[in-house]
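Residue numbers (the working numbering), protein chains in the order written: chain G, 1 to 160; chain P, 1 to 550.
Check each hint, because a few of them may be wrong.
As the list claims (entries may be wrong) - The list that follows gives simulated cross-link-like pairs (lysine to aspartate or glutamate, EDC-like), each with its CA atoms no further than 16 Å apart:
{"no.": "1", "chain 1": "P", "residue 1": "Lys204", "chain 2": "G", "residue 2": "Asp44"}
{"no.": "2", "chain 1": "P", "residue 1": "Lys204", "chain 2": "G", "residue 2": "Glu142"}
{"no.": "3", "chain 1": "P", "residue 1": "Lys231", "chain 2": "P", "residue 2": "Glu260"}
{"no.": "4", "chain 1": "P", "residue 1": "Lys204", "chain 2": "G", "residue 2": "Glu110"}
{"no.": "5", "chain 1": "P", "residue 1": "Lys365", "chain 2": "P", "residue 2": "Asp280"}
{"no.": "6", "chain 1": "P", "residue 1": "Lys155", "chain 2": "P", "residue 2": "Asp90"}
{"no.": "7", "chain 1": "P", "residue 1": "Lys368", "chain 2": "P", "residue 2": "Glu260"}
{"no.": "8", "chain 1": "P", "residue 1": "Lys453", "chain 2": "P", "residue 2": "Glu428"}
{"no.": "9", "chain 1": "P", "residue 1": "Lys241", "chain 2": "P", "residue 2": "Asp207"}
Treat the hints as calculated values from the structure; they're not laboratory data.
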Amino acid sequence: MSFTFTPERRAKLDALILRYPKKQAALLPALRMAEEQAGCVDFDAMEHVAEILDVSPAKVLGVFTFYTHYRRPGTGKHLVQVCATLPCALRGAEAVFDKFAAELGIGQDETTKDGMFTLKKVECLASCGSAVCVQVNDDYHENLTAETVPDLIRKLKESR
Amino acid sequence: MPINFTIDGKQVQGEKGETVLPVALRNNIDVPYFCYHPGLSLSGNCRMCLVRVTPAAPPPPKPGPDGKLPPAPPPPRSMLAISCMTQIADGMTVDTKTPDVLRAREGVMEFELINHPLDCPTCDQAGECFLQDHSYQHGRSHGRFYEERQMKHTKSLGPTISIWGSRCIVCSRCVRFTDEITGTGELCIVNRSDHSVVDVFPGKPLDNALSMCAEDVCPVGALISEDFKFKARVWFMKEQKTLCAGCSVGCNVVAEQVNEEIARLKPRENLAVNDWWMCDAGRLSYKQHALPGRLVEARVDGKAVTRAEAVLAAWQRLSAAGGAVAGLVSLWNTNEEMFLFRRLMKLLSAVAPMGTLEKSHGERKQFKGGFVIEGDRNPNRAGARAILGDVALEVGATAVRKAFEAGTVNALLVVSGAPELAISPEIEAMLARVKTLVVLDVLESSSAAKYAKVRLPATMHWEQDGTFVNVDGRVQRVRPVIQPPGDAAPALELLQEIVNRHPPGGSGVLSGDGVFRQLGAEIEAFRELTYREVGDLGVPARTAAQAVKA
Ligand code: SF4
Ligand code: SF4
Ligand code: FES
Ligand code: FES
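Bound conformation, chain G alone (with noise of 0.2 Å):
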């Protein structure tokens, strides 16, 4: 259950401090390699954390939940982003997102049950000249329809 970070995370941590004027300033990067060793941030890490960095956990709370793109516990082994701003809307994002939703039987910010799949809408991913964007994980899938959205499921099903 406990976090801790390994040796040589915590190594690069107190090293990358030592690059701000106030070590709280690390606290974005703290994060990134918390969520790089765990998958994910729990309350676990974002105490650790908010110890290395002398600031309240509440503090940390808050700094994370800010941000979305941290993951966050229950998060799938895919995180599905499909792109809703306005290009990728008047490509067919929507029908692109009404089908990952269809096929996958969750709705937004939902995980399907094998905890395979987390579905998500997101702003733009500047990738408009390809729009319909989606990125999964840290991929992007671009020039996606509603048809192209079944074979993209069964890749992702079949990468391990």
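Given the structure of chain G, go ahead and fit chain P with the ligands onto it with the hints provided.
Coordinates of chain P with the ligands only, in the frame set by chain G:
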């Protein structure tokens, strides 16, 4: 160097480093605000305090070396700016009532109310809510928002405070309070934009000795005190400015009552004492007023009698002791009462030993923002020192007991205005055995009241006028918030009535102020002071604070 500028055409002055809003408020110019709080850092997040600011015109151009005038600089541009964060500057012009300012305020109010549940009828803040007041004065009568409202959590944040998240305007005052004043940092704002709301970290509740101040700093009904929740509509309560007596700080408070029951205490701003804060224990100390077992009738030898009969019996028995008298007074009694106590004791015997009774000490606590809870849990030790002297204060109770054991004392007067005084077993034994025991007290359960031969029901500080001297030597007023129960009367009156029995007899009973002026004539610490001068905020005692410092 003071800085001069104008607000709404009025010449005003401020100090370098000040911002516009506090200067405006000081000059009775109403600028609405939510997130600004004089005791917290500036945040500038609510935009309610927008005003129009025009910088001073630049100086006229000077002719160059060629004798020609350079082109005149452009006139200063005026703009809407948040007054809480705008630094004042010489020659600046501020307008708080121009049409564009009014329109901007209206816009801010419309945003504030977009997700608000408008549940004022069941909200405990109703009647003292910034949102209601600003909405009434600066809002528009209808909204234009037809989307679904965001609802937020309603939950307990800790033992004393709950949050109604949908009412939260995310001003961050409460978060700054726990960061800057208590230094405990329990509160944060979670999520972003219209999802944001105040919360605590799981398993780390809002739990510190000043936690209930979070409710005071919340300008709306989002943070609600568990103690006051659903208790009273604020407009039915009557207010009185008085003091907390929970320790020697003497926090200035407003006490509010409905139907002679105190409903709550709130801290009252006093920069020389408690700033804007008070501790939770002190805030809840009002509950003493309703302790069961209050003394409500006078008794002589266990028989109920009238107040006049008991007063007469008190005088007769004490004076019959032929000078073999001693006295104890509590550190919860006012200066006026201690002074009258001293006068009565002197009348009875020139050498009567006098001592004090007190509550046991607690832990002294200092917080990040400087607020202190004193370990001395008695409100008037410094007053006792000034009036009764060091000897009575430090070794008086022991001297009284020794005199009793030596047989030089067989009559005792006890004056107390508080429950839960620490009475040692030796004092208790003396109370049980002394032949004549005259007691002015508040609770049946008190040791003195139990053994009293003549017992007069007295008042607590919630029920009487008077003054205390705090740990820093500041003389401050206590005022009656509620009426005393039954036949209970302030020791201020009872002691004068007993003194009046002294031949040739008298009938005058002075008010608190009357006695206080007599005190001022005799005791240097209070020289020429009056209630009027002490006022709402108190004044330093005349002698150096050192002399009366506990
Ligand atoms: S709970 Fe109250 S004080 Fe705290 S941010 Fe919300 S409105 Fe402001
Ligand atoms: S600090 Fe002392 S005087 Fe102030 S509220 Fe607490 S107990 Fe009362
Ligand atoms: S709008 Fe979808 S990537 Fe820009
Ligand atoms: S009071 Fe100035 S922005 Fe809130």
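Structure-based check of all given hints:
Distance restraint check for P:Lys204 and G:Asp44: the Cα-Cα separation of roughly 12 Å lies within the 16 Å cut-off, and the hinted pair is therefore satisfied. The hinted pair formed by P:Lys204 and G:Glu142 fails the criterion: a straight-line CA distance of about 44 Å is larger than 16 Å. Restraint check: the Cα-Cα separation between P:Lys231 and P:Glu260 comes to about 14 Å, which is no more than 16 Å; the hinted pair holds. Between the alpha carbons of P:Lys204 and G:Glu110 the distance comes to roughly 28 Å, so the proposed pair goes past 16 Å and is violated.
Only pairs whose Cα atoms come within 16 Å are accepted, and P:Lys365 paired with P:Asp280 is accepted, the gap being roughly 13 Å. Pair hint P:Lys155 plus P:Asp90 does not hold up; C-alpha atoms about 48 Å apart against a cutoff of 16 Å. In summary, the hint linking P:Lys368 to P:Glu260 is not supported, as the alpha carbons are separated by about 37 Å, beyond the 16 Å threshold. For the given pair, P:Lys453 sits about 15 Å from P:Glu428 by alpha-carbon distance, which is consistent with the 16 Å threshold.
At most 16 Å may separate the alpha-carbon atoms for a hinted pair to count; P:Lys241 and P:Asp207 exceed this at roughly 28 Å.
Comparing the model with each earlier hint shows violations of hints 2, 4, 6, 7, 9; every other hint is respected.
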